[in-house]
Amino acid sequence: MRFSLTPKRKERRVLDLQLTAMIDIFSLIVIFLIKGTVFGVSDLSVDPTLKLPESRSKESLDTAPTAQIVGDRVVFSGSQSPALAQGVPIAEITGGGPGKAGLQSEIQNYLGKIPAEVSGSGTLLSLIADRGTRYSQVFQVVQFFRESGFDSVLFVAAVKEGSQ
Amino acid sequence: MDDFFEKPERKHIRELNLVPVIDMFTTVIFFLLLSTSFYAFTKLTLPPSKVSVNTDPLTPPPLSTKLVIGEAQAQSSLLTVKLSWVGESPGEERIEVSEAELETKVREMVGRFHEKFPAERTVQLGMSSGVRYQSLILAMDGAREKLHDIVLISPEEAATRLATAAAATDGSSSKGASR
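Chains as they are written, first to last, in my numbering: chain A, 15 to 178; chain B, 69 to 247.
Same shape as in the complex, but just chain A (with noise of 0.2 Å):
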């Protein structure tokens, strides 16, 4: 048994920062985060000589490759051939050419590797071109991506300013 003469002196008592549930949450929030985020989604490289139409609708953009039409000729955003970056004339797309047969392979190609899941709800394509372009130009270009296996073609367009 001890004995204390003297009165007891009251500890100190250091006030101590709770971290563990913070860390805990954050921790968890950067997991959900990294999982949950998708990459260049929404990127869309608009060729800066066009001047796309304006539009009142405001649906958002989806997830989807691009055709674009430049001048006169189209662009496959889903291409990875490099003979294929600088386009293919329309005019080979609807009269028939070297062009059509290696776009029609590329696309055949990016198809292909759209997981199952993904292509069983239909596979969307986004075009872009400028507001001055010829319908004839844009219905062929549509008509050859829809037999070429896109289920659906999406219009790319700015929104008209007061509509918001």
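Quick caveat, the hints were computed from the structure, so don't treat them as lab data.
Fair warning: there could be bad hints in the mix.
[As the list claims (entries may be wrong)] List of simulated lysine-lysine pairs, DSS-like, C-alpha gap at most 25 Å: (1) B/K134 / B/K184; (2) A/K174 / A/K65; (3) B/K214 / A/K174; (4) A/K127 / A/K49; (5) B/K214 / A/K65; (6) A/K72 / B/K214; (7) B/K184 / A/K174; (8) B/K134 / B/K214; (9) B/K184 / B/K173.
[To be verified] From chain A, some residues computed to sit far from chain B (all C-beta separations above 10 Å): (10) D30; (11) E68; (12) L75; (13) T80; (14) V84; (15) G85; (16) S95; (17) P96; (18) A105; (19) E106; (20) G126; (21) I128; (22) A130; (23) R145; (24) G163; (25) F169.
[To be verified] Computed from the model, here is a short list of chain B residues facing chain A with C-beta under 10 Å: (26) V89; (27) I163; (28) E224.
Even for Gly, the Cβ is constructed at its ideal location relative to N, Cα and C.
Fit chain B to the supplied structure of chain A, relying on the hints for placement.
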């Protein structure tokens, strides 16, 4: 005097620190709720393939609604817009507008059509070859509010339909339901 003798140590019951666990599960629930998508799966059983004849007199025939747009004249900035349909009471409407008012006029035109045929949802949209892409977008903006399903038709077919309409107008043979 009380402090003279040391107090006997109290029996200390260890408490489980549940705060971080609750924090964590609250966060998990929040994220799960936000990230969950609910799908309704349905099963469609198709009948065996056979030829059937629709004898229901209440089912109206398809209207085959067509909206075609073309240049009014060679040197003119005006556009000819024609909305036509077939069915039990076929008809057509034809106007000339500038591109600036194309969307509004198409919306009005489609609105009048929708009053007559509220169940119709599909329109075939076509333009003559020289019409600008901007006009297509404007026409779609005007039509989509009432006619959601838009199918593009070829410029050749659109030009033919515009030409036949013009010939019919010149011959003063307007159809019964035209406005």
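### Query
Is it correct that the beta-carbon of A/T80 has no partner in chain B closer than or equal to 10 Å?
holds (15 Å)
#### Entry: Interface-negative label, A/S95 against chain B, beta-carbon threshold 10 Å
Non-interface label stands for A/S95: nearest chain B Cβ at 27 Å, farther than 10 Å.
### Message
For A/E106, is the shortest CB-to-CB distance to chain B above 10 Å, so the non-interface label stands?
### Response
Fine: 18 Å to the nearest Cβ keeps A/E106 off the interface.
### Message
So if I understand the rule, the pair passes when the alpha-carbon distance is 25 Å or less; does B/K134 with B/K184 pass?
### Response
Answer holds: B/K134 to B/K184 is near 15 Å, not above 25 Å.
### Task
Run the C-beta distances from A/I128 to all of chain B and say if the shortest one exceeds 10 Å.
holds (19 Å)
### Message
Holds or violated: the hint that B/E224 contacts chain A, with Cβ atoms closer than 10 Å.
### Response
holds (9 Å)
### Query
Given the proposed pairing of B/K134 with B/K214, does the C-alpha separation stay at or below 25 Å?
holds (14 Å)
### Message
B/K184 and A/K174 were given as a pair; does the straight-line alpha-carbon distance stay at or below 25 Å?
### Response
violated (31 Å)
### Query
Checking the smallest CB distance to chain B, is A/G126 really beyond 10 Å?
Nearest chain B Cβ is 26 Å from A/G126, so the label holds.
### Task
May I ask you to check that A/D30 keeps its beta-carbon over 10 Å from the closest beta-carbon of chain B?
Check passes; 13 Å lies beyond 10 Å.
### Task
Run the C-beta distances from A/A130 to all of chain B and say if the shortest one exceeds 10 Å.
holds (16 Å)
### Query
Is it the case that A/L75 keeps its Cβ farther than 10 Å from each residue Cβ in chain B?
Given that every Cβ of chain B is farther than 10 Å from that of A/L75, nearest at about 15 Å, it holds.
The earlier numbered hints that this structure contradicts are 5, 7, 11, 23, 25 and 27.
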